[in-house]
Amino acid sequence: MPATAHGTAQFRPASDNSLLIYFDQHISPAGHQRVAKLLRLLELQPISGITNLHPAYCSVLIKFDALKLRHAELETRLHPYLDRLDEITLREPRHREIPVCYGGEYGPDLAEVCDAHSLSAEQAIDLHVSATYTVYFLGFVPGFAYLGGLPEALVTPRLAVPRRRVPPGSVGIAGHQSGVYPFATPGGWRLIGRTPLAMFRPDRAAMSFLAIGDRVHFTPISPERFAVLEKA
Amino acid sequence: MKTIQVQAAGLFTTVQDLGREGFGPMGVSPSGAADPISLRLGNRLVGNPEGAAALEMTLLGGTFLFPEGAVLALTGSDFSATLDNVPVDPWTSLEACPGQTLRLGPTRSGARSYLCVQGGIAIKPFLGSASTHILSGLGGFEGRPLRKGDVLSIASAPQSYRRRTVALHILSRLSPRKILRCTPGPQSEWFPESSHSLFYNSTYLVAEESNRMGLRLEGPSVPVSSGGHMITEGVSLGAIQVPGGGSPIILFVEQQTTGGYPKIANVISADLPGVGQLRPRDKIRFECVTLEVARALLHEQEELLSSQELIQE
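First to last, the sequence lines map onto chains A and B. All letters in the first sequence, in the order written, are residues 398 to 629 by the numbering used here. All letters in the second sequence, in the order written, are residues 978 to 1290 by the numbering used here.
Think of the hints as simulated: they come from the structure by calculation, not from any bench. In this text, a Cβ means the ideal position worked out from N, Cα and C, and glycines have one as well. Please note that a few of the clues may not be correct.
[Stated by the list, open to error] Simulated coverage check for chain B against chain A, where a stretch passes if three residues somewhere in it have a Cβ under 8 angstroms from a Cβ of chain A: (1) 996-1005; (2) 1022-1035; (3) 1141-1154; (4) 1212-1222.
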C-alpha cells in the first residue's frame, strides 16, 4: 500500500480503520522519544474520531472510526501534531525496581543462555541486574513492557518453539529486549528468572506497574525472599 | 434483582459487550463480542442499548434457569434452543416466565450464539466494559468462561415485554460471508507476487486451534521474500499476519496489541462480524478490495443496521 510522508514520519494504512506512523526503521532512543511525545500530545489534545493507539518501538498504530474519518483526513490532522513534537517535554522518567529470583525453576532457560555466551550463572545475573532498562512501550498483553537496554553479552535469539504457557512474573530475554510476563500466556522469550511482583492489577489506581518511558532495574532475590514477597 | 442460574455452561460461554476501545497504550485489546452485529441486534430486540452485556456461546450452548423470569432474545447462529422444551425462534424476543429453563444445543449454522436479556447482564465494568478477556483473566464474570452453578444478575429494566423480530430480508444482507474481503496489509509489499497469487486464489481451512485471539488457517503457505527485517509494531483487528512458517493467522477480538510478524492483508471492518461465526474446518477465501470499497461497504452495513424496517414489532 502506498506510503506517504511528513517530515521524517511515514504514514501507511494498516487496515480500513487504522493508520501506522513510522518514526524510524530501526529501534532507537530518538524514535522512542517521538512515539512517547506523540502519545502525550494526543492525550493532551485528542483528535475526534481516533479510537485507540498502539505504540511500539518506533511506530504508533492509530485506530479510528472509519464512518467519521478517512486516512488522508487523519494524516492532515496529524501534521500539526508532528510539527510540534519537539515542543513537548516528557515527564521525568520514573525509576522502578523489580525483584527477581534467577535460574532454577524460576528461570529455566538461564543455563542455556549461560552456555550460549560462555558465562557463569553469576556473571549472567550480574550483567542482567547491572543494566538500566527503558520501557519502550506496553504491548502484546495488558502490562507487558518491552524493555530496551539489554547488555550485548546477553543478546540471545528467542526460542525456536514458543512455550504454550509461561508462568506469570517470568522475566525473559529475546534479542536485544528484556521483559516480564504479567499473565500466564504463550511466549517465546528465554526465561531467566521470575518476579513475585504483580505487573498488572486491575484493583490498583495505576493498573500497570510499568509505564512508557520508565527506567527499570532488576534486583536479585533468594527463593525465600520470593516466597515472602509473593504472599505480601 | 432478577438472575440467571447456569445449569450447564456449554462449551465456552463468556460475558461480552462491544468491548473496551482506547487502552492500547496499556497493552489492553478491546475484546468484546466476536460477532458484534448479532449482539447489537439481540439487544435491540429486548429494548436494550446496542452495547449491553450479554452471553456469547461457542459451538455448544448452555442451559439457563430464570427463577424470576426474563425478557430475552437469541441471535447469531442457531443452537436449537428450547424454552421448557418448546422450540424458540432465534432473532425474536420472548418472555421466560419465572422458573422456566432455556436449553441450547450444538450449533446448526455458525460458531456463536448470543443470549441477550432485557436490562443486560449486571457486571462491574473493567476499563468501562463488561467484556471478558480470557488470556489475562480480566473483565466479565470473574474473568473466565461460565461454569455450572454460576449465578448472574440481570440489571433492572424499565420496559415490559414487546414482541420484536428482525426482518429476515434485511438480515440476509448482513449475514456472514465465506469470501472475506481484505485491504492490503502494511507489509503486503514484502510478499512476492507468487504469495499474493496463492493467498487470493486458494481456499483456506479454519484450524481447530482457533479462538477469540486469532484464527489459524490451513492451506498454502505464503512466505515473505527474504530481506525484510520486522520490528514489533501495533497490529489492527483482522490483520492477517504470516509467521515464519508461512501459514496465515487472522488476529481477532482478543488480539495482542503489538506483534512482530509481517501482515499480508487485513479483513475489512464490514466482514469482521462474520469472522466471529467461522467454525473450525470452515472453508474460506480472500478477495482484495480498495480502502474506498471497504469504507463504502461499512457505510452500507451501518445503513442497513440503522434502517427503520430492520426491527419489526
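Here is what the structure says about each hint:
1. With 8 residues bearing a CB less than 8 angstroms from a CB of chain A, the stretch 996-1005 of chain B meets the requirement of three and the coverage assertion stands.
2. Only when three residues or more bring their CB closer than 8 angstroms to a CB of chain A does the claim for the stretch 1022-1035 of chain B stand; here the count is 0, and the claim is violated.
3. A count of 0 residues in the stretch 1141-1154 of chain B with a Cβ less than 8 angstroms from any Cβ of chain A is obtained; the coverage claim is therefore unmet, three being the minimum.
4. Remark: the stretch 1212-1222 of chain B is confirmed as covered by chain A, as 5 of its residues place a Cβ nearer than 8 angstroms to a Cβ of that chain, reaching the required three.
The structure fails hints 2 and 3 (numbered hints given earlier, in ascending order).
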